[in-house]
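Chains Y and U, in that order, are what the protein sequence lines are. Here this note's numbering is used: the first residue of the first sequence is 1, the next is one more, and so on. Here this note's numbering is used: the first residue of the second sequence is 299, the next is one more, and so on.
Among these hints, one or two may not hold up.
Pairs of lysine-lysine, DSS-like flavour, derived with a Cα cap of 27 Å [said to hold, decoys possible]: (1) Y:Lys84 / U:Lys556; (2) U:Lys556 / Y:Lys88; (3) U:Lys567 / Y:Lys88; (4) U:Lys386 / Y:Lys252; (5) U:Lys550 / Y:Lys88; (6) U:Lys567 / U:Lys556.
Output of the computed footprint for chain Y on chain U, the stretches with three or more beta carbons under 8 Å from beta carbons of chain Y [to be verified]: (7) 442-448; (8) 460-466; (9) 552-559.
Hint data in this document are derived by calculation from the structure and do not stem from the laboratory. Just so it is clear, CB atoms sit at the ideal spot from N, CA and C, and this is done for glycine as well.
2 protein chains.
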Amino acid sequence: MGLFGGIESGGTKFVCMIGSNPDNIIAEQRIPTTNPEETIRQVIEFFNPYVKSKELTAVGIASFGPIDLNPASPTYGFITTTPKEGWKNVDLYGQIQRGLKIPVAFDTDVNAAAFGEQYWQKEKRLLDPFLYMTVGTGIGVGVIVNGSPLHGLIHAETGHIPIPHNWQRDPFPGICPYHGDCLEGLASGISLSRRWGQNPETLPDAHPAWDLEADYIALALVILIYAYSPQQIVLGGGVSQHAGLIQAARSKVQQFNKGYIQSSMIQEKIDNYIHLPALGNRSGALGAIAMAINLAEL
Amino acid sequence: MGLFGGIESGGTKFVCMIGSNPDNIIAEQRIPTTNPEETIRQVIEFFNPYVKSKELTAVGIASFGPIDLNPASPTYGFITTTPKEGWKNVDLYGQIQRGLKIPVAFDTDVNAAAFGEQYWQKEKRLLDPFLYMTVGTGIGVGVIVNGSPLHGLIHAETGHIPIPHNWQRDPFPGICPYHGDCLEGLASGISLSRRWGQNPETLPDAHPAWDLEADYIALALVILIYAYSPQQIVLGGGVSQHAGLIQAARSKVQQFNKGYIQSSMIQEKIDNYIHLPALGNRSGALGAIAMAINLAEL
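Generate coordinates for the entire structure from the input sequences, incorporating the hints supplied.
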């Protein structure tokens, strides 16, 4: 089979990996996200020796977005309206494809993470739909329906949906430069930092921040359950890993559902239904490798 | 090809049709929704002569819900947690299948309506995802991904998602017996009747009810666009047909999006992107006929 590359492009770093599966990653590098020219040049330099030695079959890119996923579009593979300075309308796919001259798979970071969590655990491949929500610096949702990432007009942008905001309990106006108090605006890591004036990792367990955050995550999960009717949800991202947060969010999901959707997955087996990533913080990059393998097999 | 049956089961009536396509419906009957025994008996009596004459190949049911769509479940084909009195845990599929003894297709009323709007307009079959939202007595969303209705844990229950509720502008607590002020609780036809104390059909165009309703429908549409990234949305149901409402909702969608999702379908072609049903109020029953044809062709 040879080797495959995975790139998870994020607002602070590009994680690059080369390998054949999660237990066989032979090279890995974190490249800081500075300007597109410099960052993309370093990404190409990392992979190029393996292209020249003909060991690398294909590469997958798991990108922050929004991105253009329409193969018929003149801007296919571009990052489009991101608030990240310097990265608007950047041809990420094209530059990497032209730099490496091997097949390149391209999708959102969260679609790649969802794909990877399912691909690398064969017993999960029949779960349909299968979701991955990241609550980290930002919030995003990856959706796999019948084995394929959900595209369409663009791709899911569920991180930016409007959600109930109780201004009396939470007078913080939200940080989304587009929508203010959308889900990402109220519940992302950046929102936590700004609302409480400190890095969320330094907020003690008893701080009221965590009960409010569990409420927002549970609201988001209920929306995901009602909208997609998923058979399983992976809750990734740095914020989600705070001790006790996923447990609190699970019981609030049961509470907010009010018994409406009657399923043993919600009422009894919610620990299996909503869980942390099996691949830890590598879901995106390992998902990109899975996408590259999938592309090569087509 | 022979003839096919379509049943749209609703809270007030069961619409039954027999035909081969929207322009060839040879029999139609509206049966009041009383108790399950009486209503289902009348449905079977309507179709039975065509089964006996061997003209009827298959029947489709477009049902109100929630319903059990898991073929492996002992309660496959049941209506499950409906608030409709007497209709909880009713084996709708099984009783009709045993009564008619021909193949029966079964799905939600809104999945059937979405399927029918796409099936009967061949040029729309490649639109993916394709959505149908009804705003009538209740609110529901049908989702077609890659030509198939979205199932999963159960099926989409997007009518019951939590949405922003500005209590100062709208102190009405909502009418959903489960969630109070979910989308259906705040914006369904029943909610309009209770909030304003009159049938929504009698509310004049200038009544503030309609601006509030347009806001709620636009919020729902933005959530659908962000969550599913649909290539087209059909807005059905009685409330949606109020003069000017869809136009108002479309411009509020553009306003609420704040330029985040950059697509000509939203910015320029929103009249084509969000539109009333091509099949009028027959989308559900004609969709059920399309499901029956699809089942017979498998």
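Hints broken by the structure, by number, lowest first?
Going through the list in order, the structure violates no hint and respects every one.
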